[in-house]
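**Student:** Guided by the hints, dock chain B onto chain A, whose structure is given.
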Amino acid sequence: MKAKQLKFLVGSVIIVLVLIYLGYAGFKSSMAYNQTVAEMLASKEVAYNRHIELEGDVVPGTIKREGRIVTFSVNDKTDKQKVVMIRYEGKDPLPDTFRDNATAMAKGKLDPSGVFIATSMTAKCASKYEKEKEAGIVIDKAGLE
Amino acid sequence: MGQVGQFALALAFIVTIYSIASSLLGIRLRNDKLIASGRNAAVCVFGLVTMSIGTLAYLFLKSDFSYAYIAEHSNRDLPTYFKISSIWGGQEGSLLFWGWLLTIYTALVVIQNRKKHTAMMPYVTSVLMGTSLFFTSMHLFVANPFKLNAAAVGTKVMGLFSPADGQGLNPLLQDPMMVIHPPMLYLGFVGLVVPFAFAMAALITRQLGDTWIRTTRRWTMAAWGILGTGILLGGYWAYHTLGWGGYWAWDPVENASLMPWLIGTAFLHSVMVQEKKGMLKVWNIVLVIMAYIMAVFGTFLTRSGVVNSVHAFAKSPIGGYFLAFIVLALSASFYLLIDRLPFLKNEDQMGSVVSRESSFLFNNLILLVACFSVLLGTMLPSLSDWITGNKITVSKPFFDAVDVPIAIFLLFLTGVGPLLAWRKASTNSLKRNFMIPIAVASATGAALLIGGVRHFYAWSALVMAAFVGTSIIREFYKGARARSTGTGENFFEAIVNLTLRNTRRYGGYIAHLGFVLLFIGWSGQAFTADSEFEAGIGDTFQIRNFTLRVDGFKPVSGQNYTGDQVVVGLYKDGAKVANMFPGRRNYKGSGEQQATSEIAIHETLREDVYLVFQGGVDDAGQKGAFHVYINPLVAWVWIGGVVLGLGTIIALLPNRKATPARRKREHGAEAIQEGTTVA
Chain A
1 MKAKQLKFLV
11 GSVIIVLVLI
21 YLGYAGFKSS
31 MAYNQTVAEM
41 LASKEVAYNR
51 HIELEGDVVP
61 GTIKREGRIV
71 TFSVNDKTDK
81 QKVVMIRYEG
91 KDPLPDTFRD
101 NATAMAKGKL
111 DPSGVFIATS
121 MTAKCASKYE
131 KEKEAGIVID
141 KAGLE
Chain B
1 MGQVGQFALA
11 LAFIVTIYSI
21 ASSLLGIRLR
31 NDKLIASGRN
41 AAVCVFGLVT
51 MSIGTLAYLF
61 LKSDFSYAYI
71 AEHSNRDLPT
81 YFKISSIWGG
91 QEGSLLFWGW
101 LLTIYTALVV
111 IQNRKKHTAM
121 MPYVTSVLMG
131 TSLFFTSMHL
141 FVANPFKLNA
151 AAVGTKVMGL
161 FSPADGQGLN
171 PLLQDPMMVI
181 HPPMLYLGFV
191 GLVVPFAFAM
201 AALITRQLGD
211 TWIRTTRRWT
221 MAAWGILGTG
231 ILLGGYWAYH
241 TLGWGGYWAW
251 DPVENASLMP
261 WLIGTAFLHS
271 VMVQEKKGML
281 KVWNIVLVIM
291 AYIMAVFGTF
301 LTRSGVVNSV
311 HAFAKSPIGG
321 YFLAFIVLAL
331 SASFYLLIDR
341 LPFLKNEDQM
351 GSVVSRESSF
361 LFNNLILLVA
371 CFSVLLGTML
381 PSLSDWITGN
391 KITVSKPFFD
401 AVDVPIAIFL
411 LFLTGVGPLL
421 AWRKASTNSL
431 KRNFMIPIAV
441 ASATGAALLI
451 GGVRHFYAWS
461 ALVMAAFVGT
471 SIIREFYKGA
481 RARSTGTGEN
491 FFEAIVNLTL
501 RNTRRYGGYI
511 AHLGFVLLFI
521 GWSGQAFTAD
531 SEFEAGIGDT
541 FQIRNFTLRV
551 DGFKPVSGQN
561 YTGDQVVVGL
571 YKDGAKVANM
581 FPGRRNYKGS
591 GEQQATSEIA
601 IHETLREDVY
611 LVFQGGVDDA
621 GQKGAFHVYI
631 NPLVAWVWIG
641 GVVLGLGTII
651 ALLPNRKATP
661 ARRKREHGAE
671 AIQEGTTVA
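Going down the list, the protein sequences come from chains A and B.
Per this note's numbering, residue 1 is the first one in the first sequence, and the count goes up by one each step.
Per this note's numbering, residue 1 is the first one in the second sequence, and the count goes up by one each step.
Just so you know, these hints were derived from the structure itself, not from any lab.
Built from N, CA and C at the ideal position, the CB exists for glycine as well.
Be aware that a few hints might be false.
List of simulated lysine to any residue pairs, SDA-like, C-alpha gap at most 20 Å [as the list claims (entries may be wrong)]:
(1) A:Lys91 - B:Ala529
(2) A:Lys28 - B:Lys147
(3) A:Lys28 - B:Leu380
(4) A:Lys2 - B:Val354
(5) A:Lys2 - B:Pro405
(6) A:Lys124 - B:Met350
(7) B:Lys478 - B:Phe492
(8) A:Lys7 - B:Phe409
(9) B:Lys396 - A:Met31
(10) B:Lys147 - B:Glu347
(11) B:Lys424 - B:Ser355
(12) A:Lys4 - B:Met350
(13) A:Lys7 - B:Thr427
(14) B:Lys396 - A:Ser120
(15) B:Lys396 - A:Met105
(16) A:Lys4 - B:Gln6
(17) A:Lys4 - B:Glu347
Reference excerpt, derived from the structure (chain A facing chain B, CB under 10 Å, subset only) [said to hold, decoys possible]:
(18) Gln5
(19) Ile15
(20) Val16
(21) Ala25
(22) Glu45
(23) Tyr48
(24) Glu53
(25) Gly61
(26) Ile63
(27) Gly67
(28) Thr71
(29) Leu94
(30) Pro95
(31) Asp96
(32) Arg99
Rough simulated footprint, nothing fancy, chain B against chain A, three-plus residues with beta-carbon under 8 Å [claimed, not checked]:
(33) 6-14
(34) 30-37
Bound conformation, chain B alone:
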C-alpha cells in the first residue's frame, strides 16, 4: 500500500518541476495555455501529495508496522485520533505534513487568483512550487516516510520484516493538544510562504505598487493569527502536561515559532505605513523575506537536531539541505530586492517623532531587536562553538532581560500609536486623547503600590495594561456614542455595527485588548509560590491560603495506559473548593516507555492551584511526593489569546457595506466620526 504514497510523491516531484517550467516558459513565450497548464499542474500537485499523506494515514490506521515510520510512532492500542496525529509525530511525517499544507495553500492561491494579476501569477506559482519542490525532494530522497523496516547488518540489507507491535507514540505527545497544536503551528509557518511568493513576483515584474500588499494582507494576517494561536496552544499544552508549572521556557523550539511571529507582527503594522503614506516599501519586502526565511529556518531548527531542546528530534541529514535552501532563497531574494531598489522610492516623508508613523517605526525597531535577541540566544551555542570552540548557552534570564522590557514598551506603543495622528499629533489632541487613560493608569499604579506590588516589571505591565485598556474602551465608547447619536441605534447595536463597518480598525483594537489581557496574565509570574511535600492519606499541606488534603490513592487504566491516581481535597481559607486528581501513567507500546505525570489544576480567574504527583514514596502505595504551585492570573493568558484570535478574525472580515436606505440614515454618524483618524 505504501507504494501508492511513494508513487504519488514521485509523480508530485515531476509535476512540480513541470509546473515551474510551464509557468516560466509561458511568460517567456507569452503563451496563456502554458501558464494555465502550470497553474493546473500546481493544483494537481496538491492532489498527489494529498494522496501520499492519505496513504500514510491509511498505514497508521491499519497499523502496518512493515513501514519504519509507522512502527516507530504508533502501536495497536493507540486511539484512532492519535494514530492520525502520529503523522506529524516524527521527522519524516511532519515534513510531509508541512509539504502537504504548502500544496493546499498553493492550490487555494492559484485558484483564487486565476483571473487576477495575470503578470504576477505565473511567478507566484513558480515561487510556491519552488518551495514545494524542495520539500518534495526531502520526502523522496532524504526523509522518506514510506521506508520499509529492513533488517540490516552494517549496510547490508538482510530482509524485510514487520514487528508484532509498534513502539508507540511518545507518551508526552499523547494529549488531545497533539491533534491541534502542531497543525496550527505548521499552518501558520506555511502561510508565510504566500506573501513571500507575491513579494517576489512583484519584484520580478516590477509591479511594486500596493497590489501585492493588498492581495496578501489577509493571507499574512491569517497566517500570523494561526501561528500565534499555535504558539499559545503550545504554551497551554506545556502548562497542562509537562508539570513544571509554566507555559513558556525559551526553549529553542518555542523560540523558532516565536521569531517568524515577531517578524509577522512587525510586517502587519509597517504595511499600514506603506498603504497610507507610500513609505517603508523596501522595509516591508525585507520583512516578508525574513518571515519566510524564519518559517523555513524554524522548521530546520526543530527538525535537524542542531540545538538541544525538549522537543528533541535526532541529529539528521536534513540540516545541510535546509541550510543550503535557506542560503539560496536568501541570496536570490536579496539580489532581486537590490536590483529593484530604484522602483521602491518613498512617496512621502516621515512625520514628526510624535506621530502615527513614528510609533510604527519604533514598533518595528523593537520587534526586530526582540527577534534578533531570540535568534542570538537560540543560536549562541552553535555560534560560540563555531567561533571559540566552546558551546556557550544562555537561558531564561537572558531572554527575560531583553524581551520583558521590549514587551512592556510594545504594550505602551499599543496604547499610544492608534491615538496619534499621522504626520504630527497636536498638543491639543494629545491632551484630549490621553488624559483619561493616564488618569486611570496612575490610579492603578498607586493602588498596586498600596496593595504591596513591588515587582517593577509586573507593576509596569499592569499600569500599562490599565492605560491601554482604558484607551481602547474609550475608542469604542466614543465611536459608538457618535454612531448612536447619528443613527438612533442603541449603544450596543452601535458598537457591533461600528466594528463590522470598519473591521480592520476595530478588529485591531480587539486584538490589542487581547494583548492587554495577555500582559495581565504574564504579570502573574511575579507573584507565584511553590513547594514540595510528601503526604499519606489524611495528611494536609498548607500553601498561602490553600490547604491540600490527600484523601486516597487508586489505580486507573485507559485504552493505551495504566497508572495511579491520587484524590486530593483542596480547601481555600478552610472551605472545600474542589477535588483534584493528579496521577501518573505508563503508556503501552513495545518501545521502552516512561511514566508521565497527569497534572491536576484548579483554575480560577484569580489564580491556579497546580498539583503534580511525583510518585509513591513507600512500597505500600499509601504515601506520595507532590509539588504544588500557586500561579496567579494564568487564566488571563488563555482568555487574552481567545480575545486576540477574535480580534484577528474580525480584522479579516470584509467591511460591511451599508444598504442605500441605511447609508442615508448613517450619514450623520459618519460626519461626526470624521474627527477620529482611521487605522
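Extracted from the complex, chain A is given alone in its bound form:
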C-alpha cells in the first residue's frame, strides 16, 4: 500500500472511531427498553433499574392533572387486566394526541412502589380505525347512523 493511501485510511479510521465512540456514549445515555405493560410487569425487579419506554392504552377516565403533574393509568393492549399507573413529571406539554384510549409511550422508570415515573411522553391514536376495522366495529357503528 502506498503512503498516500495509508494516510487516507488512517484519517478515515480515526474519523469513524471517534464517531463510533460518540455514538456509543449517546447510546448509553439515551437507550431505553421498549416494553408493553405486560412485558414490564413480567420482568419484575429487573424493571426498576432500567430506562423503559412503556407502551400502553390510556384507561378512560383515569387522567388527572395537578398543576404540572399528570397521572393516569394504562393497560396492556392485549391483556386489559394488566394495568400500570403513570405519573408524568416531564417538562414538555403533553401532545394533543394524548387522551382516553390513546396509545401512550411513556419514557421513564418504574418506581418500586409500582408507579411508573415518566419524563417524556408521546401518544398516538391513528391505529384506532384499523383496530376497529379488524373487529368489524367501524362498519357496524357507522352503519347505524
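**Tutor:** Leaving out everything else, chain B in the frame of chain A:
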C-alpha cells in the same frame, strides 16, 4: 364511479407488463417498433394511473362514503383543498399517489429521451416500469383505495352501505402544509428512481462512461432539492402546529426522509470526482442504488407500522411485500454491479490528502456514516428485538451525539473543499485562499466567547459558519471583480452574469450559503428557554426580557371546527410588540375527534416567542394553562432553506452562452478568471 378507477388500475397493471415485455423483446429482436411500443405503453400507463387517481379525487369531492378510504379520511364539511389532499392522508391513497408520481416521471423521461441513448432507453423504461409494476400490484391486490365499505361479521360480508358522514381527516393533518409537504417529499423520493434506472441501464449495456451521469445529473439534483425542501417543510409544519417548540425530533418518519437525502448529497458531490477525474465510478453506482433503496425503504418504514412514530400508520400487510421488493432490487442491482466491475476501472489516481478530491472523499465518508447512524438508530428497536428479544430504543441524545459533530465537520468541508485545487493544493494557494476566512472566523470565535457563548457545538457551528460564509462571499467578490475589470460591467451586473455563466459552480456556492444560514439557525437550539404558567385575564408572566399578558378568552369557529382563542399581549423590555392568539380547536367529523392546539408564534430574525395554549383550568373559562418557549434564531432555518433551494435552482439552469459580440468583450474577463478552479 370507483369502478372507473379500479378498471384503470387493472388496465395499467396489464399495460405495465406489456411495456416491460415489449421493451426487452424489442432489444432482443432488434425491433425498433417493439421498443417504441414499449415506450408508448409507459406513457399510456401514466394516463391510466392519472385516471385512477382522478377518480379517487372525484370520490373525495363527491363525499362518496360508500368507499372505505373516503369514509375514513374525509367528511362533508372538510374544505375542498383538504378533500383533495386527503388523497395522501392515508395508506392506500398515499401509495397510489407515489405510484402516480412515478408514472409522471417515467412519461417525462421516456419522452425527453425518445431519440437519445437508443441502447440504454429500453432498459431505463423497463426498470422504471418494473418499479411501477410493484406499486400497481400493491394498489390492486394489497392496499386498494377503491374498496367499498362492507358490513361484515367475521369474514362474511353482510352487505354494502354508505355512512351519512365520514370520520374526517386527522385534525393534525388539517393544515395548509398538508397540501404541499407530502407531495414534495414524494416527488423527491420518487425522483431518485430515475438515476437508478439509468445506472442500471448503463450497467446492463456496459455503457459505463459519463453518459448516464450527465443525463441524470439534473434529475438527481432536482429530486434531491425537492426532497430537501419537503423535509424542511415538514419541519416548518411540525414547528407551527405540533406545539412542542421544535422542528426536528429524530422521529423514524423524519429519519426515513433524511436517509435518501444524505445519500443524495453524497452522490451530488462524488459525481464531480467522476466527471473531472474518472474516479469513484463503482462508488457512484453504489450511491445511486442506495438512494433508490432508501427511498423505497423510507416508504416502507412509514407505511408499514414497523416502527413507532408520531406519523403512525397502522400495522399492515404491505410490509412483507416491500421487504421482498427491496431484497430483490438490492440483489439484482448488486449482482449486476459485481458482474460489470471490470468495466468500471479508475482512470486516475487519488491526489494528495489536501486536495479537492480528498475533501469529496471525506464528505462522502461522513455522509455515509451519518446515514448509517440514522438507519441504526431508527431500526434498533426491530434489530435488537430480533437478536436479543428486547426492544431497545434510542432517542435524540444518540442522534445528536453522532450527527451534530458530523454536521459541523461537513460545514468545515463546505468551506474548505471548493477552495482546494484538484490533485494537490499548494501551500501558497492555501495561504492566499484561507487567510481572510480564518481571520474572520477567529474574530467571530473571540467575539462569541466574550459575548458569553459557552456551548461548544453552538460555538463551533457559528465559527464555522463565519469561516464558510466569508470564503463564499470572497469567491463571489473575486469573480465579480475580475469580470467587471474585463467587461466593464458594474459590480452587481458582474455578480449576476458570473452566476448565470457558470450556474453549477455559483449555484453550488449559493446552496452552501444556504447551509451556513441553516447552521446559524440550528445553533439557536443551544440558547432556548421555556416555561409553563397559568394565567387569567390581566395576569402577566415574565420570561427573559419578554412579558406576556392575558387580555381575553373568546370562542371561535370555522368551516370545519369550533374552538377557543386567547388574546395575549406580548411586551419586550416593557414595550408592546404584538398580540398573540393561541387557541384550541375541535374538528368536525363523525370519528371520535381530539382537540388540537393552535400555536401562536411571534417570529423575528433574532428569536421566536412560541406560545401554546394548553386549555382552560377553571370552568368559567377565564383562566388557562400556557407553555411559552423562547427559540433564538429559528427564522434562519427557514431563510437558509429558501437560499438552499434558490442555489439548487440556479445550479439546475443551463449555463448562459455569450453572444459573439459579447464573447469578445468578455474574453479579457475569462483570462483573468483562469486562475480559479472551476467546481
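**Student:** The structure should be examined with respect to each hint, and the outcome stated for every one.
**Tutor:** Here is how each hint holds up against the structure:
no.: 1; hint: A:Lys91 - B:Ala529; in the structure: 12 Å, holds
no.: 2; hint: A:Lys28 - B:Lys147; in the structure: 47 Å, violated
no.: 3; hint: A:Lys28 - B:Leu380; in the structure: 13 Å, holds
no.: 4; hint: A:Lys2 - B:Val354; in the structure: 16 Å, holds
no.: 5; hint: A:Lys2 - B:Pro405; in the structure: 30 Å, violated
no.: 6; hint: A:Lys124 - B:Met350; in the structure: 51 Å, violated
no.: 7; hint: B:Lys478 - B:Phe492; in the structure: 13 Å, holds
no.: 8; hint: A:Lys7 - B:Phe409; in the structure: 18 Å, holds
no.: 9; hint: B:Lys396 - A:Met31; in the structure: 10 Å, holds
no.: 10; hint: B:Lys147 - B:Glu347; in the structure: 56 Å, violated
no.: 11; hint: B:Lys424 - B:Ser355; in the structure: 5 Å, holds
no.: 12; hint: A:Lys4 - B:Met350; in the structure: 8 Å, holds
no.: 13; hint: A:Lys7 - B:Thr427; in the structure: 18 Å, holds
no.: 14; hint: B:Lys396 - A:Ser120; in the structure: 12 Å, holds
no.: 15; hint: B:Lys396 - A:Met105; in the structure: 15 Å, holds
no.: 16; hint: A:Lys4 - B:Gln6; in the structure: 61 Å, violated
no.: 17; hint: A:Lys4 - B:Glu347; in the structure: 17 Å, holds
no.: 18; hint: Gln5; in the structure: 7 Å, holds
no.: 19; hint: Ile15; in the structure: 7 Å, holds
no.: 20; hint: Val16; in the structure: 6 Å, holds
no.: 21; hint: Ala25; in the structure: 6 Å, holds
no.: 22; hint: Glu45; in the structure: 16 Å, violated
no.: 23; hint: Tyr48; in the structure: 16 Å, violated
no.: 24; hint: Glu53; in the structure: 5 Å, holds
no.: 25; hint: Gly61; in the structure: 15 Å, violated
no.: 26; hint: Ile63; in the structure: 12 Å, violated
no.: 27; hint: Gly67; in the structure: 8 Å, holds
no.: 28; hint: Thr71; in the structure: 16 Å, violated
no.: 29; hint: Leu94; in the structure: 8 Å, holds
no.: 30; hint: Pro95; in the structure: 7 Å, holds
no.: 31; hint: Asp96; in the structure: 5 Å, holds
no.: 32; hint: Arg99; in the structure: 6 Å, holds
no.: 33; hint: 6-14; in the structure: holds (count 4)
no.: 34; hint: 30-37; in the structure: holds (count 6)
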